[in-house]
Amino acid sequence: MSELNTPGTAVPLEQSPIAPKPPGRIRQALDSDIVYSYTRSPVTIIASIIALLLILMAVFAPLIAPYNPFNPASLNLMDGFTPPNSTSFSGNYFALGTDHQGRDVLSTIMYGLRVSLFVGALATLFAMAIGISLGLAAGYNGGTLDAVIMRIADIQLSFPAILIALLIFGIARGLIPPSQQEGAAVWVLIVAIGLSNWAQFARTVRGATMVERQKDYVSAARIMGVHPIVILVRHVLPNVMGPVLVIATIGLALAIIEEATLSFLGVGVPPTQPSLGTLIRIGQQFLFSGEWWILLFPAITLILLALSVNLLGDWLRDALNPKLR
Amino acid sequence: MTSALTRIGAALLASSILVSAASAETVRWARASDALTLDPHSQNQGVTHNFAHHIYETLVDRDVEGNLQPRLATEWAVSEEDPTVWVFTLRQGVTFHDGAEFTAEDVVFSLDRARSEKSNMRQLHVDVESVTAVDDHTVEVKMAGPSPLYPNNLTNTFIMDKTWSEANDVVEVQDYAAGEDNYAVRNTNGTGPYVLTSREVDVRSVLTLNENHWAEEAPAVTEIIYLPIAENATRIAALLSGEVDIVQDVPVQDVERLSSTDGIKVETGPENRVIYFGYKFGEEPLASSNITDRNPFNDPLVREAMHLAIDRDAIQRVVMRGQSIPTGVANPPFVAGWTEELNAYSAPDLERARELLAEAGYPDGFTVTLDTPNNRYVNDEAISQAVVGMLGQIGIQVTLASRPVAQHSPLVTSNQTDFYLLGWGVPTFDSAYVFNDLIHTKDGSYGAYNGGLYSNPELDEMIQSLGTEVDTAVRDATVAEIWATVQEDRVLLPIHNQVLAYAMRDDITLAVHPENQPMLTTVTFGE
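So the sequences go chain by chain: A and B. Using the working numbering, the final residue of the first sequence is 412, and nothing's skipped along the way. Using the working numbering, the final residue of the second sequence is 562, and nothing's skipped along the way.
Since the hints were derived computationally from the structure, they do not count as laboratory data. Bear in mind that the values here come from a model prediction, so they are computed numbers and not experimental data. Honestly, I wouldn't trust all of these hints.
Pairs of lysine to any residue residues, derived as SDA-like cross-links and limited to a Cα-Cα distance of at most 25 Å, are as follows [to be verified]:
id: 1; chain 1: B; residue 1: K477; chain 2: A; residue 2: P264
id: 2; chain 1: B; residue 1: K153; chain 2: B; residue 2: V447
id: 3; chain 1: B; residue 1: K477; chain 2: B; residue 2: S500
id: 4; chain 1: B; residue 1: K300; chain 2: A; residue 2: W379
id: 5; chain 1: B; residue 1: K300; chain 2: A; residue 2: F375
id: 6; chain 1: B; residue 1: K300; chain 2: A; residue 2: S266
id: 7; chain 1: B; residue 1: K300; chain 2: A; residue 2: G261
id: 8; chain 1: B; residue 1: K477; chain 2: B; residue 2: A546
id: 9; chain 1: B; residue 1: K153; chain 2: A; residue 2: G261
id: 10; chain 1: B; residue 1: K477; chain 2: A; residue 2: S266
id: 11; chain 1: B; residue 1: K300; chain 2: A; residue 2: P264
id: 12; chain 1: B; residue 1: K153; chain 2: A; residue 2: W379
id: 13; chain 1: B; residue 1: K300; chain 2: B; residue 2: E246
id: 14; chain 1: B; residue 1: K300; chain 2: B; residue 2: M554
Negatives, chain A to chain B, calculated, CB over 10 Å [to be verified]:
id: 15; residue: L117
id: 16; residue: A160
id: 17; residue: L162
id: 18; residue: F168
id: 19; residue: A224
id: 20; residue: I242
id: 21; residue: L262
id: 22; residue: P265
id: 23; residue: S266
id: 24; residue: G312
id: 25; residue: L374
id: 26; residue: E378
id: 27; residue: L391
Now the in silico label distances, taken between C-beta atoms and shown as ranges [what the hints assert, rightly or not]:
id: 28; chain 1: B; residue 1: R329; chain 2: A; residue 2: Q267; range: 16 to 24 Å
id: 29; chain 1: B; residue 1: Q104; chain 2: A; residue 2: A182; range: 56 to 64 Å
id: 30; chain 1: B; residue 1: L488; chain 2: A; residue 2: A271; range: 20 to 28 Å
id: 31; chain 1: A; residue 1: I132; chain 2: B; residue 2: K300; range: 34 to 42 Å
We treat Cβ as the ideally placed atom computed from N, Cα and C, and that holds for glycine.
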């Protein structure tokens, strides 16, 4: 859930090392350009509130959801297809109705959000970890290593991410014995999406690293005999994190959509533990028969989530780019 | 992977075929899945046979009422000299699509191929000892013993051209489970009413009328465009928007809406197919369970508990929206050997089920993975999901693994699943077909779909005796006895018999076929 942290993490970037005595970190943070641009952008404020609400809904789903749809034992099949805002066969009330298995749509959305966010966030972190390491190595070393890594990245960028994810998913499925596949499905999904998105990170980090490498502080550290890995992690990395955070935020939105797409295609998480994409796949079966709520509510939730995270990413990109200020 | 690509392909296709307006004789026929292969003896599977019946032909055939009728054989009878020999008189003047003449040699070759080692049709011909050509248009099939019902086993065994097969190196059957490929998987040379003119697997196949077909009356449909569209909503949308003319696999939730749509009609009728769950027998612990020292399914108490946990009426009412016939036996009512008593099922009794589980030593239940197809039977995945919930209520925590049928079937035939959903159609209309494939010990010839590896030597003996028993009364008694043991042992967990719904343009008439293998040659146009 990196978009939550973004304003906070970004603050140190704004601290100039030669600034006069700061009036306290909090004051300083509130005075920063980031906060200023945030308070001036109503769209961003709304987006962050929606994203925050959705994330809270996901995190606290076990506490606030009226039912637990992931516990098959608690379902009553006869409650299936209850319309929104009505009482079911067994006398339970369902605000957003139930699906074809008698699952409460509202609770399923909350739990589905958890799966979507979990997969999205971990996949982005995974992509980030690979992308940053390879990007730093390529940018700092240059030469053959750089050429090899960047060509691989170029090749990968020329394919749509979803195809790469499908390919990785398919290979992983082939490697795992059938009896273990469902337990591993979420992790396979994370790896597949992560591996399909590392190239953007690697490219950006490599570019920034090449710029930083020329700078005096890196030369100084090198002359002092600091180990290259320490130089990269302690000195170069903090200075290339700005653009990485922007990509990570937009990447999170993309990863969520990618997960939804894979689940929609039926290759994602099992239908008994649905993510938003799985819910949409299930719901669209009932488009023609009049049970619109099974599709509509998860779809709206997915749109809100992806849109708000995307808007936050856009804002962050502008806020961190001095040329646009 | 394949299914995802299929869907993308189908979506692209659906948008592109809008352009070509259909002439009156072209029928665009949409189904949920494609034929698995075109090698006629490689897969004993309904969708595959249904498609193949338009290209290849069998010696005998079944009409919509389920009666045998002549096709490539005009007459068949038990030999007067030897009661273990069937004599088939073949139709004259029949040619294959490539012009070669159809003779007894081709029948001998095809029957031998169908009972060869890699053939999936093998169990239907286990009692055959040898096949010989008497003359160009007479074939004798020598059985191990008297086999009065053998012609019933021939309704899906297609006849190939011997010369063509040898020239194209397809004498051996494609080993589907091993992922093998051969020329016959994509190319055909049958005697059937249609010729395959183009084929893109999982996307689109085109069949055009065989002008030289032997039938006196040419069918009204001169061209068939066969479109597998995996996604239910996409398939129905294609019909609503006029992109396809017939949808064979209509989701139950759409029957009502389609019936009330102008210009579209829905035909419904019971199918000769039962939907059931199978589970792994034997001492060996299950691969997907948290019980690692023994196999819970091997305990009759556990199986009994599972039966008591299933609410078949709820599945019928909600998941199937009334479009199914709940049953307590894995045998459709069309089939000889079916009885009211077998069909009866007990009402769910969760308390008793929990007691039984505790008694069996699983007071906290256990975990297991259920493998289900998601594009083969009506609402297959939703049925499995409902059963996951019902078993969860007695403490059996089931993880659902859902796959397209092309990936699901091999799991069952190669015993890689602990717990699975399958549907079984009975083309012979006789219980022996169910026993041979689902109940008999898996030994290469019998038990091809006995994915649970149930094995009962006494039953095996009785099952084998059915093939050669001539006295109908004795045979019926044996069938009843086998069913009694199967029910007592809870070998399978039956749910319901499928009800079929075909939706089509309202000027088309196509009757529901009890085996869900409608021939488009029977299509008529006009109100």
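Tested hints:
Note on K477 of chain B and P264 of chain A: the hinted pairing holds, with a Cα-Cα distance of about 22 Å set against a maximum of 25 Å. Restraint check for K153 of chain B and V447 of chain B: the C-alpha separation of about 16 Å stays at or below 25 Å, so the hint holds. With a C-alpha separation of about 17 Å, the suggested pairing of K477 of chain B with S500 of chain B holds against the 25 Å cut-off. The suggested pairing of K300 of chain B with W379 of chain A holds, with an alpha-carbon distance near 23 Å, which does not exceed 25 Å.
Pair hint K300 of chain B plus F375 of chain A holds up; C-alpha atoms about 15 Å apart against a cutoff of 25 Å. A hinted pair counts as satisfied when its Cα atoms are at most 25 Å apart, and K300 of chain B with S266 of chain A does not qualify at roughly 43 Å. Annotation: proposed proximity of K300 of chain B to G261 of chain A is violated, straight-line Cα distance about 43 Å (limit 25 Å). Distance hint between K477 of chain B and A546 of chain B is unfulfilled; the C-alpha atoms sit about 37 Å from each other, more than 25 Å.
At most 25 Å may separate the alpha-carbon atoms for a hinted pair to count; K153 of chain B and G261 of chain A meet this at roughly 24 Å. Distance hint between K477 of chain B and S266 of chain A is fulfilled; the C-alpha atoms sit about 21 Å from each other, no more than 25 Å. At roughly 45 Å between alpha-carbon atoms, K300 of chain B and P264 of chain A are farther apart than 25 Å, so this suggested pair is violated. Straight-line distance between C-alpha atoms of K153 of chain B and W379 of chain A comes to about 48 Å, which puts the hinted pair past the 25 Å bound.
A C-alpha spacing of about 31 Å is found between K300 of chain B and E246 of chain B, which places the hinted pair above 25 Å, so the restraint is violated. Taking the CA atoms of K300 of chain B and M554 of chain B, the gap is about 18 Å. The hint holds against a cut of 25 Å. Its beta-carbon lying about 48 Å from the closest one in chain B, L117 of chain A satisfies the requirement of being farther than 10 Å from that chain. For A160 of chain A, the non-interface assignment is contradicted: its Cβ lies about 3 Å from the closest Cβ of chain B, within the 10 Å cut-off.
With a least beta-carbon separation of about 4 Å from chain B, L162 of chain A fails to lie farther than 10 Å from that chain, contradicting its non-interface assignment. Distance check for F168 of chain A against chain B: the nearest CB is about 7 Å away, which does not clear 10 Å, and the non-interface claim fails. No Cβ of chain B comes within 10 Å of the Cβ of A224 of chain A; the nearest lies about 32 Å off, and the non-interface call holds. Chain B leaves I242 of chain A outside its interface by the beta-carbon criterion, the shortest separation being 20 Å against a cut-off of 10 Å.
Separation of L262 of chain A from chain B is adequate, the least Cβ-Cβ distance of about 13 Å exceeding the 10 Å criterion. For P265 of chain A, the non-interface assignment is contradicted: its Cβ lies about 5 Å from the closest Cβ of chain B, within the 10 Å cut-off. With a cut of 10 Å on Cβ distances, S266 of chain A falls inside the contact zone with chain B, its closest approach being about 4 Å. Every CB of chain B is more than 10 Å from the CB of G312 of chain A (nearest about 51 Å), matching its label as outside the interface.
L374 of chain A, annotated as away from the interface, has a beta carbon of chain B within 10 Å; the closest lies near 5 Å. Distance to chain B contradicts E378 of chain A as a non-interface residue, since its nearest Cβ pair spans about 8 Å, not more than 10 Å. Here L391 of chain A stays apart from chain B, with its beta-carbon at least about 23 Å from theirs, past the 10 Å limit. A C-beta distance of roughly 20 Å is found between R329 of chain B and Q267 of chain A, which places it inside the suggested range of 16 to 24 Å.
Between Q104 of chain B and A182 of chain A the C-beta distance comes to about 58 Å, which sits within the given range of 56 to 64 Å. Between L488 of chain B and A271 of chain A, the C-beta spacing of about 25 Å keeps the proposed range 20 to 28 Å intact. The supplied range of 34 to 42 Å is broken by I132 of chain A and K300 of chain B, whose beta-carbon atoms lie about 55 Å from each other.
When each numbered hint is compared with the structure, violations occur for hints 6, 7, 8, 11, 12, 13, 16, 17, 18, 22, 23, 25, 26 and 31.
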